[in-house]
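Undergrad: Each chain is listed here by its residues.
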Amino acid sequence: MTQTPAAASPPIIPEQRHVTWAVTLQVSWAGIKRRFFRSLITMSGVVLAIAFLTYMQVMNDIVKSLILANDVVLNAMLQKAGVDIYAADSSDRMMILLIILSLMACLVGIINSMLMSVTERIKEIGTLKCLGALDGFIIRSYFIESSLQGVAGTVLGCILGLIVALAAATSNYHGYVMKCFPWLSATGSLVISLLIGTLLSVVAAILPAYLAAKKQPVDAMRVEE
Amino acid sequence: MSISEDIIIKASGVTKVYQLGAEAVHALRGISLEVRRGEYLSILGPSGSGKSTFFNMVGGLDRPTEGNVVVDGYCLQELNQKQLAWVRCHKMGYIFQSFNLIQTMTALENVSIPRIFAGETPAQAREAAAEILTVVGLGHRLTHLPSQVSGGQQQRIAIARALVNRPSIILADEPTGNLDLRTGEEIINLLGEMKEKFGITVITATHDMKMLSASDTVVWIKDGRADRVARKGEFEVSIGTIDGKTLA
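Protein chains in written order, with our numbering: chain R, 1 to 225; chain F, 1 to 248.
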């Protein structure tokens, strides 16, 4: 009754503001938590690939440091295990190729499972857009989900790889492993594994997140087949 | 001025043409319609009539090929993505046939989403959500997941979610389509109550008879045109037919 505006100018329409990363995390957390089993399966690919990478690196570090020890008994053990102790670099081209292949399989695995989750959630994404979600919110929540899975999987993979490498080395070289354990280079290897795993899962999220954000609000009306 | 302020939705000459291969499909052939503030409007029509297309235009979910839709003073065609998202968030509440609740979120979390999109902190949003859930009669189901409550209760959660930002318009697409007779009736009554309580305009796409008797205005859409508009009292509701028209 009294709210008649003085001027008949068209109203200025505000733009919807972005939801912060922190709040997006809080909103997506419920889904990540309750889809935990599913996440575990997605994660297992990352865990195995990163475990393999970590194992290869740490094993290489250990062998190098054992060669440097230049102990007679140890050299015999190394030769028995098939290590060429006179080679300058003991890293094997074949192994590098295998590592790259396993990382690529892992990347494709994450992309595939994230794409599946986009298809499954078309209706949900449409609904969120009806409720006022911007593309950015959808992108952020997919990124958060994928990177959390990736980081968790990477940490588990590093631990697994380290344990397996230590066990394998100890069974071959016994007490020598701990005696001349290459703390510095092994730590460096773990950091490299962590970085590669995290990077991989973030890169894998790009395409699915983009495709998810391109879904339209009208997709909320979709009838399930 | 005073008359135009009473009109909350004004659709003028809305057409929609889809390109299906080489063929152009005319889903809407020019619909003009005015909806008064606080009205309960039902859109009726068989599938393929353009009912859903028109409903989506009014809801800002789809853009017309020609013509325009003005909602609460905002011409939807002139808005950019972010403005449209703002209008959806603050001015409209959506209710769906299949409820469309986020399955991994509790009732409280579901209802708090629109508040969070409007810029509130999750804690503030949950407070408002709890309040409106109590209004729709679900104060005792706050921490339940959608899968843990009945269909009628799920639709109540959805109604709470649609209301939580105090919109001017509620858009309900077949809100009783997935519910049994009695529950459907309860949902219609609840929508009517909320309409009165918050002074909201309700627009439904439906072919539910019970819905018609609650409507102030009924629009029949046929072959992409508004075939007939009837105000309350101008249409008779009887079983099977409405005012002599059989429903397809």
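Don't read these hints as lab results, they were simulated from the structure. Treat the hints with care, as some may be off.
To be verified - Distance windows between CB atoms, simulated:
| hint | chain 1 | residue 1 | chain 2 | residue 2 | range |
| --- | --- | --- | --- | --- | --- |
| 1 | F | E66 | R | R17 | 56 to 62 Å |
| 2 | F | G177 | R | L199 | 58 to 64 Å |
| 3 | R | R35 | F | R37 | 41 to 47 Å |
| 4 | F | S47 | R | V108 | 38 to 44 Å |
| 5 | R | R17 | F | E193 | 19 to 25 Å |
| 6 | F | N80 | R | D92 | 44 to 50 Å |
| 7 | F | D223 | R | E15 | 36 to 42 Å |
| 8 | R | Q216 | F | S32 | 23 to 29 Å |
| 9 | R | L207 | F | G21 | 27 to 33 Å |
| 10 | F | G38 | R | V203 | 48 to 54 Å |
| 11 | F | R37 | R | V203 | 35 to 41 Å |
| 12 | R | I100 | F | A24 | 50 to 56 Å |
| 13 | R | D92 | F | Q103 | 47 to 53 Å |
| 14 | F | E78 | R | M104 | 43 to 49 Å |
Stated by the list, open to error - Computed footprint of chain R on chain F; a stretch qualifies when at least three of its residues, placed anywhere within it, have a C-beta under 8 Å from a C-beta of chain R:
| hint | region |
| --- | --- |
| 15 | 72-81 |
| 16 | 107-117 |
By construction, the Cβ of each residue, glycine as well, lies at the ideal position given by its N, Cα and C atoms.
Undergrad: Are the hints correct? Go through all of them and say.
TA: Hints and how they fare:
{"no.": "1", "hint": "E66(F) - R17(R): 56 to 62 Å", "verdict": "violated, 32 Å"}
{"no.": "2", "hint": "G177(F) - L199(R): 58 to 64 Å", "verdict": "violated, 47 Å"}
{"no.": "3", "hint": "R35(R) - R37(F): 41 to 47 Å", "verdict": "holds, 42 Å"}
{"no.": "4", "hint": "S47(F) - V108(R): 38 to 44 Å", "verdict": "holds, 41 Å"}
{"no.": "5", "hint": "R17(R) - E193(F): 19 to 25 Å", "verdict": "violated, 32 Å"}
{"no.": "6", "hint": "N80(F) - D92(R): 44 to 50 Å", "verdict": "violated, 56 Å"}
{"no.": "7", "hint": "D223(F) - E15(R): 36 to 42 Å", "verdict": "holds, 38 Å"}
{"no.": "8", "hint": "Q216(R) - S32(F): 23 to 29 Å", "verdict": "holds, 25 Å"}
{"no.": "9", "hint": "L207(R) - G21(F): 27 to 33 Å", "verdict": "holds, 29 Å"}
{"no.": "10", "hint": "G38(F) - V203(R): 48 to 54 Å", "verdict": "holds, 52 Å"}
{"no.": "11", "hint": "R37(F) - V203(R): 35 to 41 Å", "verdict": "violated, 51 Å"}
{"no.": "12", "hint": "I100(R) - A24(F): 50 to 56 Å", "verdict": "holds, 51 Å"}
{"no.": "13", "hint": "D92(R) - Q103(F): 47 to 53 Å", "verdict": "holds, 48 Å"}
{"no.": "14", "hint": "E78(F) - M104(R): 43 to 49 Å", "verdict": "holds, 47 Å"}
{"no.": "15", "hint": "72-81", "verdict": "holds (count 6)"}
{"no.": "16", "hint": "107-117", "verdict": "holds (count 5)"}
Hints 1, 2, 5, 6, 11 from the list above are not met by this structure, while the remaining hints are.
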